[in-house]
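There are 2 protein chains.
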Amino acid sequence: MHVVCVGGSDAGISAGLRARELDPSTEVTVVVAGAYPNFSICGIPYYISGEVGDWHHLAHRTRADLEAAGLHLLLDTRATRIDVDARQLEAIGPDDTPALVDYDALVVGTGARPVRPPITGLDTLGAADGVHLLHSMGDTFALGDSLEKLQPRTALVVGAGYIGLEMAEGLTTRGIHVTQVEAAPEVLSTLDPELGTLVHAELVRHGVDIHTGTSVTGIAKGADGLHVTGQARDGEALSWDVDLVLVVVGVTPETDLLVRSGAQTGPRGAVLVDETMATGLPHVWAAGDCVATHHRLLGTTYLPLGTTSHKQGRVAGENALGGNARFAGSIGTQVLKVFDLVAARTGLREHEAIAAGFDPASTTSAPDDHKAYYPGSHPITIRITGDRATGRLLGAQLVGHLTTETAKRVDTYATALFHGMDVADINDLDLAYTPPLGSPWDAIQIAAQAWVTQHQPASTRTQP
Amino acid sequence: MHVVCVGGSDAGISAGLRARELDPSTEVTVVVAGAYPNFSICGIPYYISGEVGDWHHLAHRTRADLEAAGLHLLLDTRATRIDVDARQLEAIGPDDTPALVDYDALVVGTGARPVRPPITGLDTLGAADGVHLLHSMGDTFALGDSLEKLQPRTALVVGAGYIGLEMAEGLTTRGIHVTQVEAAPEVLSTLDPELGTLVHAELVRHGVDIHTGTSVTGIAKGADGLHVTGQARDGEALSWDVDLVLVVVGVTPETDLLVRSGAQTGPRGAVLVDETMATGLPHVWAAGDCVATHHRLLGTTYLPLGTTSHKQGRVAGENALGGNARFAGSIGTQVLKVFDLVAARTGLREHEAIAAGFDPASTTSAPDDHKAYYPGSHPITIRITGDRATGRLLGAQLVGHLTTETAKRVDTYATALFHGMDVADINDLDLAYTPPLGSPWDAIQIAAQAWVTQHQPASTRTQP
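Protein chains in written order, with this note's numbering: chain A, 1 to 464; chain B, 465 to 928.
These are computed hints drawn from the structure, not numbers from a lab. Heads up, a few of these hints could be off.
Short, incomplete list of chain A residues facing chain B, as computed with Cβ under 7 angstroms [stated by the list, open to error]:
| # | residue |
| --- | --- |
| 1 | Glu51 |
| 2 | His57 |
| 3 | Leu298 |
| 4 | Leu303 |
| 5 | Thr307 |
| 6 | Leu336 |
| 7 | Ala344 |
| 8 | Ala407 |
| 9 | Arg409 |
| 10 | Phe418 |
| 11 | Asp422 |
| 12 | Asp428 |
| 13 | Leu429 |
| 14 | Asp430 |
| 15 | Ala432 |
| 16 | Pro440 |
Okay, the calculated beta carbon distance ranges per label pair [as the list claims (entries may be wrong)]:
| # | chain 1 | residue 1 | chain 2 | residue 2 | range |
| --- | --- | --- | --- | --- | --- |
| 17 | A | Arg116 | B | Pro839 | 44 to 52 angstroms |
| 18 | B | Asp518 | A | Glu236 | 33 to 41 angstroms |
| 19 | B | His883 | A | Gly50 | 20 to 28 angstroms |
We treat Cβ as the ideally placed atom computed from N, Cα and C, and that holds for glycine.
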């Protein structure tokens with residue numbers, strides 16, 4: 001049995017490891033386009049910031065670890081075509097050497113590539129000019145080189161999503177003054193603006209100069225650095241002179257290999273798979289950022305996340321061996337650290353819930369993370385979205401101080417959502433309490449009570 | 465409608481507040497034996513330590529808050545008898561004034577009292593001698609007085625359960641050298657010894673002198689302080705000369721009022737109630753530390769916890785008005801901070817699981833709280849107990865550094881337990897990840913995988 005995985009990131013490696021774990025007699029080959037298999041690309045901002053001193057530490061596992069686990073790695077090898085009938089993968093190896101790899105089962109995890117927004121100059125300027133996109137380890141080294149060579153004092157970050165915000169923090173931590181430009185009305189547009197504004201304030205507090213509702217239209221090389229032009233929503237023309245530009249406005253699925261072989265695509269052009277991660281092409285599975293995501297509340301969507309890639313890769317690896325594992329579905333749980341704040345969400349926001357046929361209502365409250373009498377308590381801003389018709393929990397968004405265990409409090413909502421709990425029933429959960437770390441009703445229960453009080457007052461009133 | 469609550473702690477106050485919340489026309493009287501309604505007795509160690517400067521801050525709500533919420537408080541009033549047929553509560557008020565209170569519905573939350581172990585001298589020595597039990601605000605003030613008057617340099621704490629450990633920390637924080645004596649083989653005997661030993665080491669690291677497997681047999685007043693004698697399990701006689709002794713070896717339910725009226729009792733002598741918190745006596749509900757606890761895995765047991773008291777009080781308050789609320793049951797979720805460590809548990813340990821008819825097996829692992837490349841990561845020791853026959857999660861015990869969000873990671877296990885999840889299915893949960901705060905597979909999932917690998921290797925192997 002020979003399982004071939006295309007892609008050396010989370011999905012491909014997870015699939016290969018799972019296959020070896022289940023049957024150590026399985027031969028597993030991983031075809032890796034670059035030279036850096038199994039790197040934690042989520043860690044790149046912390047290498048750029050200087051908090052991770054050695055880039056090698058960003059590897060989830062070293063090459064030696066992977067080989068010891070029985071994965072045969074073909075590095076610097078780009079898969080170009082799948083011959084589905086012959087069960088053969090065509091590839092171009094180092095020095096442009098063509099390669100043919102026979103397989104019994106193929107798992108494709110080609111991931112995603114960064115979106116290039118329509119900014120004048122972005123196509124002609126590049127790393128040598130201090131203009132960067134950031135997705136791969138190669139991009140990381142190029143940015144590292146620019147930081148060394150240019151010694152930038154100022155940088156402009158296009159985009160204020162997860163990576164954009166982490167990079168704003170990372171560059172600020174390096175002592176670089178950051179201007180951040182975001183087209184949406186508020187930073188971190190994956191949260192409702194009333195929570196995004198808290199993250200915005202945290203960035204400002206740390207000296208980041210933020211322009212929301214503003215598009216970057218052009219980048220040009222000036223006498224002394226880069227001249228960036230933009231336009232605010234009201235039409236006002238803006239410009240900035242900076243030493244470095246970083247464009248991080250999201251990703252798009254990398255599907256060429258599968259699409260050329262006849263795979264079907266869905267939302268955002270991602271490859272459609274079923275819950276077993278089968279592509280519909282015989283003996284070909286796919287997982288990770290290149291595929292459409294099964295979402296437990298939304299059905300099929302596109303929601304690339306590392307956690308999901310690991311889970312899907314594991315399922316694909318098991319099924320490549322003839323198993324019957326199923327991806328249980330995402331609920332879009334995400335968390336972000338920005339300086340001393342943590343912002344998290346799980347499930348749906350109102351507009352998503354409406355699109356999915358629910359009748360959502362939301363309530364925001366700000367219970368303390370622990371008893372206020374014990375030093376160091378902070379409110380956690382929690383916005384609960386529930387279904388008015390059924391009382392069902394639909395989503396939760398949380399923003400709290402780094403010390404408030406917000407990153408793991410969201411997991412309780414995620415687990416409640418996984419089980420389809422009603423908002424009111426969150427009060428029944430037996431959660432941990434000690435005054436330095438919680439309250440007899442945990443903050444997540446107090447927020448649920450606030451939702452019930454606002455949206456289900458009648459149902460809680462007894463009829464004597 | 466007049467609801468009378470006996471007891472000014474979590475259960476009684478929660479019941480009264482819930483009744484008023486549901487129907488603001490309800491008259492609610494709370495009969496409080498002491499002068500300190502609605503105090504957070506879990507916060508006492510942090511007042512003694514000096515971290516809470518003003519004892520008033522330990523109140524969940526002030527007397528004014530409670531009165532503003534519509535609760536009529538009868539302070540310093542001890543309920544002595546329930547006339548069930550007449551729906552009348554007899555009490556002794558301030559200055560020994562007898563009082564009669566008519567009720568339509570009665571909620572009894574008389575709580576628990578500290579256990580007095582059979583230690584020679586404990587009956588004759590008291591606060592004036594520097595010998596203390598600790599449960600109420602009165603006890604707290606007495607201990608505070610001793611700390612002022614005696615200015616102790618050394619203290620001996622009898623018992624190393626939750627309160628004993630918190631007090632060992634609190635007294636150490638005040639600069640007092642603490643000797644701690646525990647009869648069980650390891651401290652924090654609510655955890656398996658391999659986790660208790662981590663807590664033990666943390667205490668030692670902070671200078672606490674611990675004697676496990678050792679009973680205190682006597683306390684006597686010496687020329688210059690207190691002479692405490694004890695015996696180790698091997699028969700060795702031990703003695704200590706200290707300035708202060710604190711005896712905190714657990715609580716026993718305070719049931720006299722209900723038992724005298726004919727209420728039935730169960731485990732540990734606690735009053736039996738059904739899931740509506742009804743006592744079986746007409747129009748009389750009971751909640752909190754005085755009642756036997758419905759446990760979702762164990763059935764009826766005794767497990768006094770503040771979180772449970774709040775939930776049960778809320779249910780009793782709703783049902784006193786004619787509602788049909790049900791206490792969903794405890795799963796024994798608990799957490800404790802000891803210096804820089806957090807110890808938590810939920811569900812069952814093996815001996816409890818065996819007694820409940822399961823076929824338990826446990827696996828301990830120590831995954832990092834977050835990606836090791838990001839500064840500040842620590843392993844969390846996680847011991848998972850699952851049922852060998854069904855794969856069902858039965859319990860989890862965790863010990864981790866204060867910064868590892870262990871206190872809220874246990875909540876995810878608690879929520880999984882609430883829903884009867886299998887250990888293997890914990891991998892399906894969509895949990896939050898960012899490198900500074902987690903891993904693509906969260907620590908709680910890695911621990912679940914370790915259990916599955918050890919105890920269900922066959923079930924995870926596919927049959928191609």
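**Request:** Against the structure, test the hints numbered earlier, and report the numbers of the ones violated in rising order.
**Result:** 3, 4, 11, 17, 18, 19
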